[in-house]
Amino acid sequence: MLNQKLPELVCPAGSLPALKNAIDNGADTVYFGYRNDTNARNFAGLNFDAKAMAEGIRYAHNHGRHVLLAINTFPQPGRLADWHRAVDGAADLGVDAVIIADVALLDYASRRHPNLRLHLSVQGSATNYEAVNFAHREFGVKRAVLPRVLTLAQVEHVIKNTPIEIEVFGFGSLCVMNEGRCWLSSYATGESPNTVGACSPAKYVKWEKSPGSMSTRLNGVLIDRFGDDEPAGYPTLCKGRFEVNGETYYALEEPTSLNVLELLPEIARIGVSAIKVEGRQRSPTYVTQVTRTLRAALDALAREGERFSVKPAWHAELAKVSEGTQATLGAYNRPWR
Amino acid sequence: MSTLPNIPRFKLPPLVANITRRLPQWPHALVLTAGLNAAAKMKLLPDDSLALLDGRSFLVRVNDTGGEARFVYRGGLFRPVFATTGDADLIFSANLSAFLQMLARQEDPDTLFFNRELSIEGDTELGLVVKNMLDAIEWPQMPKMPAFRR
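If you're matching them up, the sequences are chains B and G in order. Counting from 1 along the first sequence, just add 365 to a position and that's the residue number in this note's numbering. Position 42 of the second sequence, counting from 1, maps to 25 under this note's numbering, and the rest follow consecutively.
Next up, chain B with everything else stripped away, as it sits in the complex (with noise of 0.2 Å):
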């Protein structure tokens, strides 16, 4: 038996099946956004419409679950009445808590909606004790996301200094991870997380085929080529081959997914509150595939304890929605600071 609390897991939904996906294969918590750029998945077609929304939090509530909605883009310059729009929208749909990362609609969240429960964003990019007791302090902030730089040791050196739950990332997609900071997309398209709600949005991009190979456009900065047989990434700057100095290789990072499966016990043991996947934009076989894995391995360390072993068939389960061939432990595990 595990001695501590088993941390909750926080699924992605970008769409109705997403999200009942996400309850029926075991989320404690799923999250969500608006069909518009007030949140950091803004793609065509995706997301909740009002009734979706209403009936997506119906669903998991007639099944004890939470639902989380993410308002975690930057208001732009003469249009703060949209973001603070979908900050009421929450508070009337009735979620359990909204996401932000801009202290300024923090501020308006606490100040108009002193009942509804708030969450800083990763987005927030609040990477030190002393940022997360911030938000607490003066808008009474109830959890943190904590953006995925930190080392499993520094998570717990803040997790130790707050009073506040402590969410980190469990699975996914990994970027450059310098969150809620990063401009490259912004840098080759001129929009960005911050600004529009998507990274590399994909009108900017085109895959371009010839005969034995992929080569992918991003506002016509060529990202990279792919060979038939090679796997493909998401067409971000970050996951692009440049040359340099000669060699062409990925200067930047390469495309990898986080999976924290062997890190389970250690997560518990700090005290994490949450675990969350990453990818609203992926299908609702994504989203049930992900969930299921991370349920049976998050029971089995309940049962387990000091027990708990991976299973070889959740790593296999994982590694096949995985963008790039390989999965690693992030920052978590990481021997420098």
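Errors might be hidden in some of the hints.
[Stated by the list, open to error] A partial selection of chain G residues facing chain B, derived with a Cβ cut-off under 7 Å: (1) L13; (2) D30; (3) S32; (4) F97; (5) L111; (6) V112; (7) N115.
Calculated from the structure, these hints are not laboratory results. Note that beta-carbon positions come from the ideal geometry of N, C-alpha and C, so glycine has one too.
Dock chain G against the given chain B, drawing on the hints supplied.
Same frame as chain B, but now just chain G:
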């Protein structure tokens, strides 16, 4: 979906494609557009996503069967295109097993794309609209007939 059989990954022998390519392709488009129109009529496809497809042309290519379906969405209907060559705004190509796995929600399109089993050419944003539209469909429950039970 648990009542559906598991679809394995397979590739049909090249002979199949060699034969099929010599046959007329419009029946594929006819079947596919009839299915899409039925889904639209049942309100399974959201109106705001359909609006984004208006006037756009599509080509679905099944590599290992050699089959192709060309169609457009215009005036609220998916319509077959009888031309046998020329470009489309959006081209999906994959082997039959990958298409079946996607339709049965057994595999995730991004996974198939990363693994190079699904290819998307043309207007990438249009491709995303189509992918997300298909993902958002709530398929009606399978009838509870003995044949569907395990």
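Against the structure, the hints:
1. L13: Constraint on G/L13 not satisfied, violated at 26 Å.
2. D30: Interface hint status for G/D30: violated (10 Å vs cutoff 7 Å).
3. S32: holds, 5 Å
4. F97: G/F97 check passes; min Cβ-Cβ to chain B is 5 Å, inside 7 Å.
5. L111: With Cβ-Cβ at 5 Å, under 7 Å, it holds.
6. V112: holds, 4 Å
7. N115: With Cβ-Cβ at 3 Å, under 7 Å, it holds.
Violated hints, listed in ascending order, are 1 and 2; each of the other numbered hints is respected by the structure.
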